[in-house]
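Participant: Whenever a hint applies, use it, and build me the whole structure from the sequences.
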Amino acid sequence: MAQRTPLYEAHVAAGARIVEFAGWDMPLNYGSQIEEHTCVRTAAGMFDVSHMTIFDLDGAGAPAFLARVMANDIGKLTAVGQAIYGTLLNDAAGVIDDLIVYRREQGYRAVVNASTGDKVEAHFATQSADFGIGIERRRDLAMVAVQGPSAITRFQQVVDDARASALAPFTSYEAGEMMVGRTGYTGEDGVEAMLPGAAAVSLWRELAALGVKPAGLAARDTLRLEAGLNLYGMDMDESTDPLESNLAWTVAFEPTERDFIGRTALETIKATGSAMKLTGLVLESKGVMRHGQRVVTADGDGTVTSGLFSPTLGYSIALARVPRAAKGKCEVDIRGRRVQARLVRPPFVRHGRKVHG
Amino acid sequence: MSDIPSELKYASSHEWARLEEDGTVTVGISDHAQNALGDVVYVELPELDAIVEAGEEAGVVESVKAASDIYAPIGGTVIAVNSVLEDAPETVNQDPYGDGWFFRIEPNDVADLDELLDADGYGAVCEDDEH
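Going line by line, the protein sequences match chains A and B. Be aware that the first sequence starts at 1, since it is given in my numbering, and climbs by one per residue. Be aware that the second sequence starts at 1, since it is given in my numbering, and climbs by one per residue.
No lab work stands behind these hints: they were computed from the structure. Worth double-checking, as some hints may not be accurate.
[What the hints assert, rightly or not] With a cut-off of at most 20 Å between alpha-carbon atoms, the simulated EDC-like pairs for lysine to aspartate or glutamate come out as follows:
#1 B/Lys65 <-> A/Glu35
#2 B/Lys65 <-> A/Asp333
#3 A/Lys286 <-> B/Glu47
#4 B/Lys65 <-> A/Asp221
#5 A/Lys286 <-> B/Asp114
[Stated by the list, open to error] Partial selection, computed: residues in chain A whose CB lies under 7 Å from chain B:
#6 Ser32
#7 Thr38
#8 Arg137
#9 Ala218
#10 Val282
#11 Val288
#12 Phe309
#13 Leu313
For each residue, glycine too, the CB sits at the ideal point set by N, CA and C.
Facilitator: Laid out in structure tokens, this is it:
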């Protein structure tokens with residue numbers, strides 16, 4: 001029996017098509033995923049992301065612990081409320097998960113994926129032994145992402161808190177039991193709110209009354225791919241390192257004395273240069289690229305890691321892991337048919353507009 | 001609950017077949033199938049004059065999220081394809097039993113239609129799908 005979020009009843013009442021995802025009954029769509037996608041690009045949509053895993057890390061050792069387990073540098077969070085995106089690596093520099101960490105008045109909050117919650121909990125338990133910290137998995141908290149050009153205005157109308165509209169990107173504030181971060185996974189402006197279940201149900205209802213449309217996992221996937229954002233388990237996993245996953249920007253080699261897990265392996269990889277890179281693909285004729293399809297380039301073969309039809313652009317886009325030197329034209333093997341494609345730098349869509357000509 | 005017109009025949013792989021007055025058979029995918037696929041964005045149709053066998057792959061329908069093969073519900077020769085779907089694949093979602101048809105077959109033997117499911121039989125297949 002899959003777990004249900006506090007918003008499950010609201011999804012069913014809104015006509016959602018429910019699917020099981022990472023052990024949760026989640027809304028795939030509420031009718032047309034393209035309409036939901038467009039709504040987020042042009043107005044505001046809301047996502048139930050209560051399946052994401054939240055950990056609160058407290059204690060004097062928390063900064064040192066996070067400096068050890070994260071490839072990005074927690075020391076960059078110089079003020080309460082700031083947030084940082086990064087990865088957790090294993091000793092071989094393979095990606096255990098990606099996460100966002102928020103700095104709080106007391107301690108930190110880490111948000112990791114739904115599918116990796118147990119794995120990360122075990123990893124944290126193993127690694128934290130010497131650090132003197134408390135780790136609490138917040139199964140009691142729901143999470144709602146409100147995304148789109150008018151998302152913050154609508155959210156502000158509901159919460160009536162001036163801090164909501166004043167939030168800088170990648171910062172957060174807390175109001176009682178609710179934490180609000182100006183973060184997201186769509187390439188649009190917006191907030192993600194973590195709050196108790198009953199409060200999430202009220203927030204959802206009030207946002208709906210203001211015309212914010214619910215959007216499902218299917219729209220979430222098309223939005224994140226257009227924005228060039230990786231999905232853990234598809235575009236990266238424990239067999240790939242962040243440098244070959246388009247995440248070099250999230251690896252902090254400075255300060256040099258910070259001994260994070262995976263650092264030694266990553267320095268070797270950096271010195272010799274990765275053989276592969278993760279980059280974008282646009283399909284130049286009809287068809288749809290999918291995960292696992294072969295990419296044929298002049299510099300050797302690669303693989304589509306995420307592929308779908310872009311509702312904003314009207315053609316298929318993908319992320320693909322290809323030889324590092326590959327660029328320009330290539331071909332994708334779509335069920336035995338070789339289709340022309342072009343390698344481009346992600347993202348594909350920024351603030352609702354096409355990035356590549 | 002999806003729409004399953006009683007005058008059509010169905011394959012368990014979710015194609016429908018309609019016998020036309022001229023003895024040809026029109027093929028499409030069911031309302032249940034289009035609903036399960038979600039927004040259709042690309043349809044690959046068989047070649048005109050292609051000879052297909054019952055149960056043989058005769059095209060592909062791609063939604064935003066997934067690709068699904070289309071099988072010929074009856075053997076014969078493809079005598080028409082719905083070119084509207086090339087530029088307006090969403091027609092499959094909007095009108096699966098009408099303008100969203102896929103192709104038309106001149107069947108080897110019209111009696112082969114009897115091998116397919118009727119609306120009740122297909123309805124049972126859809127219910128199993130949902131459980």
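Participant: Measuring from the C-beta of valine 282 of chain A to each C-beta in chain B, is the shortest one below 7 Å?
Facilitator: For valine 282 of chain A, the interface hint is violated, since the closest Cβ of chain B sits about 15 Å away, which is over 7 Å.
Participant: Between lysine 65 of chain B and aspartate 221 of chain A, does the CA-CA distance stay at or below 20 Å?
Facilitator: holds (9 Å)
Participant: Minimum Cβ distance from leucine 313 of chain A to chain B below 7 Å?
Facilitator: violated (11 Å)
Participant: So, as I understand it, the hint says threonine 38 of chain A touches chain B; can you test that by seeing if any CB pair is closer than 7 Å?
Facilitator: violated (11 Å)
Participant: With a cut-off of 7 Å, does the beta carbon of valine 288 of chain A approach a beta carbon of chain B closely enough for the hint to hold?
Facilitator: At about 4 Å, which falls below the 7 Å cut-off, the nearest Cβ of chain B leaves the hint on valine 288 of chain A intact, so it holds.
Participant: Verify the interface restraint on serine 32 of chain A: the C-beta must sit less than 7 Å from at least one C-beta of chain B.
Facilitator: At about 6 Å, which falls below the 7 Å cut-off, the nearest Cβ of chain B leaves the hint on serine 32 of chain A intact, so it holds.
Participant: Regarding the pair lysine 286 of chain A and aspartate 114 of chain B, is the alpha-carbon distance no greater than 20 Å?
Facilitator: violated (36 Å)
Participant: Under 7 Å, Cβ to Cβ, is where alanine 218 of chain A needs to be relative to chain B, so tell me if that hint holds or is violated.
Facilitator: holds (6 Å)
Participant: With chain B as the partner, please determine if phenylalanine 309 of chain A meets the hint condition of a C-beta pair closer than 7 Å.
Facilitator: Constraint on phenylalanine 309 of chain A satisfied, holds at 4 Å.
Participant: Does lysine 286 of chain A pair with glutamate 47 of chain B here, judged by a C-alpha cut-off of 20 Å?
Facilitator: Given that 20 Å is the threshold and the Cα spacing comes to 16 Å, the pair holds.
Participant: Hinted pair, alpha-carbon criterion (20 Å max): lysine 65 of chain B, aspartate 333 of chain A. Please report holds or violated.
Facilitator: holds (18 Å)
Participant: Should the hint that arginine 137 of chain A touches chain B count as held when the rule is a Cβ pair under 7 Å?
Facilitator: Constraint on arginine 137 of chain A not satisfied, violated at 30 Å.
The structure does not agree with the numbered hints 5, 7, 8, 10, 13 stated previously, though it agrees with the rest.
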